[in-house]
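**Q** Going line by line, the protein sequences match chains A and B. Residues 6 to 236, numbered by the numbering used here, are exactly what the first sequence covers, in order. Residues 2 to 290, numbered by the numbering used here, are exactly what the second sequence covers, in order.
Certain hints may be false.
Cut-off 20 Å, straight-line C-alpha distance, at most; resulting in silico cross-link-like pairs (DMTMM-like, lysine to aspartate or glutamate) [claimed, not checked]:
| no. | chain 1 | residue 1 | chain 2 | residue 2 |
| --- | --- | --- | --- | --- |
| 1 | A | K93 | B | E196 |
| 2 | A | K93 | A | D140 |
| 3 | B | K289 | A | E56 |
Restraint-style ranges between C-beta atoms, simulated for each label pair [as the list claims (entries may be wrong)]:
| no. | chain 1 | residue 1 | chain 2 | residue 2 | range |
| --- | --- | --- | --- | --- | --- |
| 4 | B | R286 | A | G32 | 41 to 49 Å |
| 5 | A | T57 | B | R286 | 38 to 46 Å |
| 6 | B | F166 | A | T57 | 43 to 51 Å |
Some chain A residues close to chain B (C-beta under 8 Å, calculated; not the full set) [to be verified]:
| no. | residue |
| --- | --- |
| 7 | R8 |
| 8 | Y53 |
| 9 | P79 |
| 10 | R82 |
| 11 | T87 |
| 12 | R109 |
| 13 | G112 |
| 14 | D114 |
Note that these hints are calculated values from the structure, not bench results. Bear in mind that the values here come from a model prediction, so they are computed numbers and not experimental data. Every residue gets a Cβ at the ideal spot worked out from N, C-alpha and C, and that includes glycine.
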Amino acid sequence: MIRLQNVTKDYGGSPALINVNLHIALGEFAFLVGPSGAGKSTLMRLLYREETPTSGSVFVGGVNLNRLHRRQVPLLRRRLGTIFQDYKLLPRQTVFNNVAYILRALGVDEKEVAKRVQSALSVVSLEHKGDAYPDELSGGEQQRVGIARAIVNGPPVLLADEPTGNLDPATSLEIVQLLERIAERGTTVFISTHDTTIVNALRRRVIYLKGGEIVSDVDSGVYELEPNLNV
Amino acid sequence: MRHLRIFFRVIIETGIGVKRSGWSNWLVVSILAIALTIFGGILQLTMTMKNVVTACGSQLEISAYLKDGFQPKRVAREISQIPEVQLVEIVTKDVAWDEMKSTFKVASLANPLPNTLHIRASNPQAVEAVAAKVKLLGAVENIRYPLKVARKINDLRHFIELAGFAITAALSAATLTVIGNTIHLLIESRQREIEILSLMGVSPFYIKGPFILQGATYGAGSALVAILVLTGVHLYLDPYVTDQLVSIAPFLAKNLEYGLWETFAIVIGLGVLVGAGGSWWTSGRYIKI
Chain A
6 MIRLQNVTKD
16 YGGSPALINV
26 NLHIALGEFA
36 FLVGPSGAGK
46 STLMRLLYRE
56 ETPTSGSVFV
66 GGVNLNRLHR
76 RQVPLLRRRL
86 GTIFQDYKLL
96 PRQTVFNNVA
106 YILRALGVDE
116 KEVAKRVQSA
126 LSVVSLEHKG
136 DAYPDELSGG
146 EQQRVGIARA
156 IVNGPPVLLA
166 DEPTGNLDPA
176 TSLEIVQLLE
186 RIAERGTTVF
196 ISTHDTTIVN
206 ALRRRVIYLK
216 GGEIVSDVDS
226 GVYELEPNLN
236 V
Chain B
2 MRHLRIFFRV
12 IIETGIGVKR
22 SGWSNWLVVS
32 ILAIALTIFG
42 GILQLTMTMK
52 NVVTACGSQL
62 EISAYLKDGF
72 QPKRVAREIS
82 QIPEVQLVEI
92 VTKDVAWDEM
102 KSTFKVASLA
112 NPLPNTLHIR
122 ASNPQAVEAV
132 AAKVKLLGAV
142 ENIRYPLKVA
152 RKINDLRHFI
162 ELAGFAITAA
172 LSAATLTVIG
182 NTIHLLIESR
192 QREIEILSLM
202 GVSPFYIKGP
212 FILQGATYGA
222 GSALVAILVL
232 TGVHLYLDPY
242 VTDQLVSIAP
252 FLAKNLEYGL
262 WETFAIVIGL
272 GVLVGAGGSW
282 WTSGRYIKI
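Work the whole structure out from these sequences, hints included.
**A** As structure tokens, then:
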């Protein structure tokens, strides 16, 4: 579902990613870990085509993103659910409207919008908060709205860039368990994080990125600050 | 149906944008309305002048004013020999003077008017040839014919047109700047929202469309204001202008056209074009998707 071949990303002399090779299969759940500045966010941005690689190829759902025309980028992003550390909710829209926005922009009729939004909100247990505004919610609730928005269009891939970065440990665990439940329904979930607690609690595939290079890739792994090299 | 729903949502987003713009809506509409009113006024003036020119051009009559001491009948006979002349009518100085006295209060003076011949050419193309031949006659002091007047009006029209379009172009450039700044401010205030929408995979049409439609709305609104002003001015001035023109050239009573609807259509078109164009350019420049 996600494949990177010899990907290097260089920001004018300082490489953020160096010759990265990676494959994540359909329905897989994986963590991308590493210290700050390791290149996690850059790798995520390559996947939703916010950036393009300096060299190498990035494939998502069989599509080579290097060859994707600018006009086709929105089509790619509709097939990806993206979750962000700062939630990126529309502050002047209710929870319902935040989740409904993309469906309305795609011309889905209102009955179907209501049905799908309610369904997405019930997955994140926020069906009773539809009329609330983002600033009336806790950080954990806002992130759950972000997840509902990411899954409302039924994407095959869910990317989460530091989804627990602004949350306390207990809420972080709730969020990541929620993402795990979503993965069980067949969605590929790829989470970038530097939160050892959530990674170690779930014991799923862990890809360790350091200095722009993958130094470890372990199934059922843990996040150690100095990993054993086991690529 | 899906596209219709998307378009409907874009209109809703446009409404939200207009609401958020607050006082700057009025600023943009006022400036654009002033530009369009000036443009519309000049356009209407030049269109009216063009119609007057056309009406003058189709007139067949030439007036020849005779020098004192020449017999009008004899000169009329001479002129009627010209092949392109269809009819010659004599208005003696006494008849003209009586008519003038019956129309206006005239002081007791000696009759200053000349004997006049009204000459009708056989077709509009012959008017100038006949006028040239008549002017050469020794008995003729001066001649006047509508085509000659038309030329003068046409020269003036060209000048007004040129000056008017230069003023409109300058005002439109100023308006484009104001629209651009308003839309730019709106884009800046919604930058985060735009970023989020882009990351969600919302199409550029859906993101930029409301800004462009907002500009078009400004244009249409300004055009309506300009049309109201122009209609008011037209209703106020029409009787006066018509009287003046008809008194100069009586044949205009039947032919006078102001080109009002054409002016309104062009004003709306220009307003929407400037509004939407300014927004399109600004959103293209500041929204990077």
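**Q** Taking the Cβ atom of B/F166 and the Cβ atom of A/T57, is their distance within the range 43 to 51 Å?
**A** Taking Cβ atoms as reference, B/F166 and A/T57 lie about 47 Å apart, which means the hint holds.
**Q** Taking the closest Cβ pair, is A/R109 under 8 Å from chain B?
**A** holds (5 Å)
**Q** Would the hint on A/P79 be counted as holding, given a Cβ-Cβ threshold of 8 Å to chain B?
**A** holds (5 Å)
**Q** Next item in the hint list is A/T87. Is there a CB on chain B closer than 8 Å to its CB?
**A** Holds - the Cβ of A/T87 comes within 8 Å of chain B, reaching about 6 Å at its closest.
**Q** Does A/R8 pass the interface check with chain B, least Cβ-Cβ distance below 8 Å?
**A** violated (21 Å)
**Q** Next item in the hint list is A/D114. Is there a CB on chain B closer than 8 Å to its CB?
**A** Cβ of A/D114 sits 6 Å from chain B, so the hint holds.
**Q** Under the criterion of a CB-CB separation shorter than 8 Å, is A/R82 in contact with chain B as hinted?
**A** holds (3 Å)
**Q** Measure nothing beyond the straight line between the CA atoms of B/K289 and A/E56; if it is 20 Å or shorter, mark the hint as holding.
**A** holds (13 Å)
**Q** Per the hint of 38 to 46 Å, is the separation of the Cβ atoms of A/T57 and B/R286 within bounds?
**A** violated (22 Å)
**Q** Against chain B, run the beta carbon of A/G112 and see if the smallest gap drops under 8 Å.
**A** holds (4 Å)
**Q** Decide if the proposed pair is consistent with the structure: A/K93 and A/D140, CA atoms, cutoff 20 Å inclusive.
**A** Judged against 20 Å, a Cα distance of about 12 Å means the pair holds.
**Q** Should the hint that B/R286 and A/G32 are 41 to 49 Å apart at their CB atoms be regarded as holding?
**A** holds (43 Å)
Hints 5, 7 from the list above are not met by this structure, while the remaining hints are.
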